[in-house]
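In the order they appear, the protein sequences are chains H and P. FYI, the UniProt record's numbering numbers position 282 of the first sequence as 282, with every residue one higher than the one before it. FYI, the UniProt record's numbering numbers position 25 of the second sequence as 25, with every residue one higher than the one before it.
None of these hints come from the bench; they were simulated from the model. Errors might be hidden in some of the hints.
Simulated coverage check for chain H against chain P, where a stretch passes if three residues somewhere in it have a Cβ under 8 Å from a Cβ of chain P [unchecked claim]:
#, stretch
1, 233-246
2, 324-337
3, 502-514
4, 519-530
As the structure is a computational prediction, the values presented were derived from the model and not from experiment. For every residue, glycine included, the Cβ atom is placed at its ideal position computed from N, Cα and C.
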Amino acid sequence: MFAVLHLFLPVDSVIYGRLPCIPASVARLVGKSGPNWQHCSVSSTSFPVSSLRMDTLLRRVEEAEDGVDSLQVAGSLGLDHQAVVGAVKSLIALGEVISADLRSSKHWELTEEGKEIAEQGSHEARVFGSIPDEGLAQSELMKLSFGKVGFSKAMSNKWIKVDKTHEGGARVFRAVVDQVREKLLQVQGGAEKLEEKEKSELKKRKLLSEVTVKSYWISKGSSFSTSITKQETELTTEMIASGSWKEKTFKPYNFEALGVAPDSGHLHPLLKVRTQFRQIFLEMGFSEMPTNNFVESSFWNFDSLFQPQQHPARDQHDTFFISDPAQAKGFPEEYLERVRKVHSEGGYGSQGYKYDWKIEEAQKNLLRTHTTAVSARMLYKLAQQEEFKPVKYFSIDRVFRNETLDATHLAEFHQIEGVVADRGLTLGDLMGILHQFFNKLGPYHTRSHTPCCPSKYQFLNLSIGLKKWVELGNSGVFRPEMLLPMGLPEDVTVIAWGLSLERPTMIKYGINNIRELVGHKVNLQMVYDSPICRLDS
Amino acid sequence: MPTVSVKRDLLFQALGKTYTDEEFDELCFEFGLELDEITTEREQISREQGDCKASGASEVVLYKIDVPANRYDLLCLEGIARGLQVFKDKCAPRYRRVSPASGEPQRLLVTSETAAVRPHAVAAVLRDITFTQERYDSFIELQEKLHQNVCRKRTLVAIGTHDLDTVCGPFTYTAKLPADIHFRPLNQTQEFTAVELMSLYKTDSHLRHYLHIIEDKPAYPVIYDSNGVVLSMPPIINGDHSKISLKTKNVFVECTATDLTKAKIVLDMMVTMFSEYCAEPFTYTTTTLTQPVSSPPLQSESTERIAGLLTKMCLRSQPTGAGDQIQVEIPPTRSDVIHACDIMEDAAMAYGFNNIPRTTPGTYTVANQYPLNKLTELLRQDLAAAGFTEALNFALCSQEDITDKLRKKLFETRAAHIANPKTAEFQVARTTLLPGLLKTIAANRKMPLPLKLFEISDVVLKDETKDVGARNSRRLCAVFYHRSPGFEVIHGLLDRAMQLLEVAPARGTGYHIQAADDSTFFPGRCAEVFVCGVSVGRLGVLHPDVIQRFELTMPCSALEMDLEPFL
Numbered sequence: 001m002f003a004v005l006h007l008f009l010p011v012d013s014v015i016y017g018r019l020p021c022i023p024a025s026v027a028r029l030v031g032k033s034g035p036n037w038q039h040c041s042v043s044s045t046s047f048p049v050s051s052l053r054m055d056t057l058l059r060r061v062e063e064a065e066d067g068v069d070s071l072q073v074a075g076s077l078g079l080d081h082q083a084v085v086g087a088v089k090s091l092i093a094l095g096e097v098i099s100a101d102l103r104s105s106k107h108w109e110l111t112e113e114g115k116e117i118a119e120q121g122s123h124e125a126r127v128f129g130s131i132p133d134e135g136l137a138q139s140e141l142m143k144l145s146f147g148k149v150g151f152s153k154a155m156s157n158k159w160i161k162v163d164k165t166h167e168g169g170a171r172v173f174r175a176v177v178d179q180v181r182e183k184l185l186q187v188q189g190g191a192e193k194l195e196e197k198e199k200s201e202l203k204k205r206k207l208l209s210e211v212t213v214k215s216y217w218i219s220k221g222s223s224f225s226t227s228i229t230k231q232e233t234e235l236t237t238e239m240i241a242s243g244s245w246k247e248k249t250f251k252p253y254n255f256e257a258l259g260v261a262p263d264s265g266h267l268h269p270l271l272k273v274r275t276q277f278r279q280i281f282l283e284m285g286f287s288e289m290p291t292n293n294f295v296e297s298s299f300w301n302f303d304s305l306f307q308p309q310q311h312p313a314r315d316q317h318d319t320f321f322i323s324d325p326a327q328a329k330g331f332p333e334e335y336l337e338r339v340r341k342v343h344s345e346g347g348y349g350s351q352g353y354k355y356d357w358k359i360e361e362a363q364k365n366l367l368r369t370h371t372t373a374v375s376a377r378m379l380y381k382l383a384q385q386e387e388f389k390p391v392k393y394f395s396i397d398r399v400f401r402n403e404t405l406d407a408t409h410l411a412e413f414h415q416i417e418g419v420v421a422d423r424g425l426t427l428g429d430l431m432g433i434l435h436q437f438f439n440k441l442g443p444y445h446t447r448s449h450t451p452c453c454p455s456k457y458q459f460l461n462l463s464i465g466l467k468k469w470v471e472l473g474n475s476g477v478f479r480p481e482m483l484l485p486m487g488l489p490e491d492v493t494v495i496a497w498g499l500s501l502e503r504p505t506m507i508k509y510g511i512n513n514i515r516e517l518v519g520h521k522v523n524l525q526m527v528y529d530s531p532i533c534r535l536d537s
Numbered sequence: 001m002p003t004v005s006v007k008r009d010l011l012f013q014a015l016g017k018t019y020t021d022e023e024f025d026e027l028c029f030e031f032g033l034e035l036d037e038i039t040t041e042r043e044q045i046s047r048e049q050g051d052c053k054a055s056g057a058s059e060v061v062l063y064k065i066d067v068p069a070n071r072y073d074l075l076c077l078e079g080i081a082r083g084l085q086v087f088k089d090k091c092a093p094r095y096r097r098v099s100p101a102s103g104e105p106q107r108l109l110v111t112s113e114t115a116a117v118r119p120h121a122v123a124a125v126l127r128d129i130t131f132t133q134e135r136y137d138s139f140i141e142l143q144e145k146l147h148q149n150v151c152r153k154r155t156l157v158a159i160g161t162h163d164l165d166t167v168c169g170p171f172t173y174t175a176k177l178p179a180d181i182h183f184r185p186l187n188q189t190q191e192f193t194a195v196e197l198m199s200l201y202k203t204d205s206h207l208r209h210y211l212h213i214i215e216d217k218p219a220y221p222v223i224y225d226s227n228g229v230v231l232s233m234p235p236i237i238n239g240d241h242s243k244i245s246l247k248t249k250n251v252f253v254e255c256t257a258t259d260l261t262k263a264k265i266v267l268d269m270m271v272t273m274f275s276e277y278c279a280e281p282f283t284y285t286t287t288t289l290t291q292p293v294s295s296p297p298l299q300s301e302s303t304e305r306i307a308g309l310l311t312k313m314c315l316r317s318q319p320t321g322a323g324d325q326i327q328v329e330i331p332p333t334r335s336d337v338i339h340a341c342d343i344m345e346d347a348a349m350a351y352g353f354n355n356i357p358r359t360t361p362g363t364y365t366v367a368n369q370y371p372l373n374k375l376t377e378l379l380r381q382d383l384a385a386a387g388f389t390e391a392l393n394f395a396l397c398s399q400e401d402i403t404d405k406l407r408k409k410l411f412e413t414r415a416a417h418i419a420n421p422k423t424a425e426f427q428v429a430r431t432t433l434l435p436g437l438l439k440t441i442a443a444n445r446k447m448p449l450p451l452k453l454f455e456i457s458d459v460v461l462k463d464e465t466k467d468v469g470a471r472n473s474r475r476l477c478a479v480f481y482h483r484s485p486g487f488e489v490i491h492g493l494l495d496r497a498m499q500l501l502e503v504a505p506a507r508g509t510g511y512h513i514q515a516a517d518d519s520t521f522f523p524g525r526c527a528e529v530f531v532c533g534v535s536v537g538r539l540g541v542l543h544p545d546v547i548q549r550f551e552l553t554m555p556c557s558a559l560e561m562d563l564e565p566f567l
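Excised from the complex, chain H in its bound form (with noise of 0.2 Å):
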């Protein structure tokens, strides 16, 4: 306990109040029979204190009318001030069973030379006093402990003087009587009638000082008795099965600090944001499209699309080509040759690119650049169906970029597509459905923007927290070009939209650099943080 408390009070800022030395029997009566646990680290301590029984000192608080002070309580007791402040901390602990106030009070002390003199007199009165009315011989008084410093100060004071003609030698008599004692001995008898003055030329003597006393005035709590149990940490089976927890108390808790983190795993924030991608595709009826291939032909991922074979897209510095297996085989050669015809010549209502299409160029291999070219490779199919049957579809997978790297841009990216063919569709279509799609995310406001890629119209989205127009990602419909060598139906309309997966989830988590999100280089503390992907809250 007073281990504990010295941690708060150094020993040297506060004295409890000093009392006089207490038998040692008196200590151990009172003492050694107190509750172990109350002393566990008392033993420790470099002074000794005698302790106090806590329901001594609460039979006191009983009695008294409307409490009592700390210091009263020790002295009355015969106890070191320390004991009762112990039992005061150990009674503070258990709740509301004493109210406590810490006060102080000041008052003189005499210093040890200060006692002595006040004992036996100041050594000028030692001299004063140590001659007799027949006066007494210098030489003999310079004799006495005392003799010369009593003897310059009773000179200078002109309480005695020196008959130097006297004869046998120089003899000293009294002139007056002791001031400095009967002011000493009125302090020491509590009266403090001494004058200000007075007070502080002795104190300058050193034979006053002035001391703070710190005690507790003590009165009765809330939930006052004078027996008392020891609180209780944590509830336990056993409690539980005797009931002994009805008559328990228990250590209040600290509800301030955090609690231990569980172990757990987590999944990582940009998969939980495609989750919830996925939900949003399917909640408005979207079929999920196979797209776990990653390498992929020129053919689809660019030819078929109507996308020239000059396109700066097809560049060495923007796509990754793949050296082995280095080419694709196996198109379907009648479509082939329909995509080969409106690229170099036309058709379909189209001039074509008007240039020599090279079957090798489409035969090259590369990671996808798109989602889209697995869009192509489905719309193929749905137009191999005898009968047209409308179709929404979406995929939310990897593409690869050979670009150059930064802060936003990494040479891989998830890619969320959504594609919708029916009959008859209209761009009021496309802006409805981009719409719906974006206020499942939030509230939103979209600005239209130019075409960019041959076969799309290009949409700006703003995502609502942010001051600027961000780019999400662009949408369109499909180009007569693409669809109709495909052998889809002329009346039907494919309208289709992407936009990244990283984008949005750097700002739904506040995640300014890409590499920290995605890649090896993630940090796992944000991994273990992230909260749930609630995209429309």
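Given chain H, put chain P in place with the hints provided.
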């Protein structure tokens, strides 16, 4: 998307109106452009090269505008200003080919020798043009932009511009042995042969990128005037003799090409853009194309309204009177228009996409999940519930990651190789998920132990039976990294995964594991996982060399298996 940088004040001067940045951003957007950045030359230099280099640089405000990739007519200030003005209801210019006052047009003879190297050439003349410093700069800048975009870094088309008054037609485009071509190239003081030039430009930071186009051809293309003066050696460099200056009045523009369609587009752009500065504006040399259009995209709108919208987009239009047909005139600047749908798109853009009423199509469909993805989604949740944390690693990695670091030989991997990786990180598509997880641990060594990670994702393996010669394979991989190997932990995860997949522990009819040899694992600490007698993966304690090669220090156990057999 190319970015065009224009001086704000010059642009406003050309537009005849001043806008605030916000107003201009909105205008760009309506027109289909994106105002990407507002900056100054000083800011740009200071950002790229530091503040000290930037002192003294221009403080003129620059607008950086993103232009759609196929709109070559918006690659210079002249084109952007013209487009915006027409959009703001100013009449679109009609470009005309005219004959020179002297009567006879210039002629460019193309010889058969060019067929082997660069077979096509087209040319035109801009007469009585007036350059200022800004116009001249823009002229040069447009050539550069065209070279980078539609010309595919000069491989498809190369542009040469010359002061017609310094040379004398007719001109000859031919191809000659490199040693036989000699002339003084642009900004040089002496003559060089083509051979010398090729070695001279090896170190030129700009030109060295184009040398490969003709370098190993037996003959190089060259254009001469009737006096044998070299105009240019396309696609590398022009001659110094005919270079244009601020004082040039008549500009001879030639485009040599491997793609004639593109050459015509490029020539059209050069002359339509700068014919504005001719004494008789918008005159030069080529034909216009007209095309009838039917089925307007906005069926509720009148043909008159749509014709008006198209005219705003520089496509002069008028209803033909026959049904809802509209006659649309496509100017030479709009090479991107190749189908009626391109015209509809412009009409929709002028109408404003955001003004189109939103409708919901009645397409009725029932949603289906892709079974492999459904299995993946469900299994991920339960592996996380089993105390493992999900990682997400790249599908590309270095060859070393899947071979040396795992103590494997390249031929064992069946990896698909990337032809053009910019760095070693992208040499191959991963054939195993293990390296990614080990690298994730290495990057997170400060995290409290143990680290328990998993990933369910695709690897790529060569497969002759597929049209592209490769296929994805869905894998489950998990690792346990701690002061002791924890084989029992990884084994426990396998048992749990099998429980989730409803496969009972039984030899033959369920799953079992048996000792196996695998160089990635510590000898005697590797087992193969069998399901109904078929091997689906391996688990074990990693070989110490593997641990160290991934910059790890503690024992690690791992499991990797195929998920597709469980479908």
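Quick rundown of the hints versus the structure:
no.: 1; hint: 233-246; verdict: violated (count 0)
no.: 2; hint: 324-337; verdict: holds (count 8)
no.: 3; hint: 502-514; verdict: violated (count 0)
no.: 4; hint: 519-530; verdict: holds (count 9)
Hint violations for this structure: numbers 1 and 3, all remaining hints satisfied.
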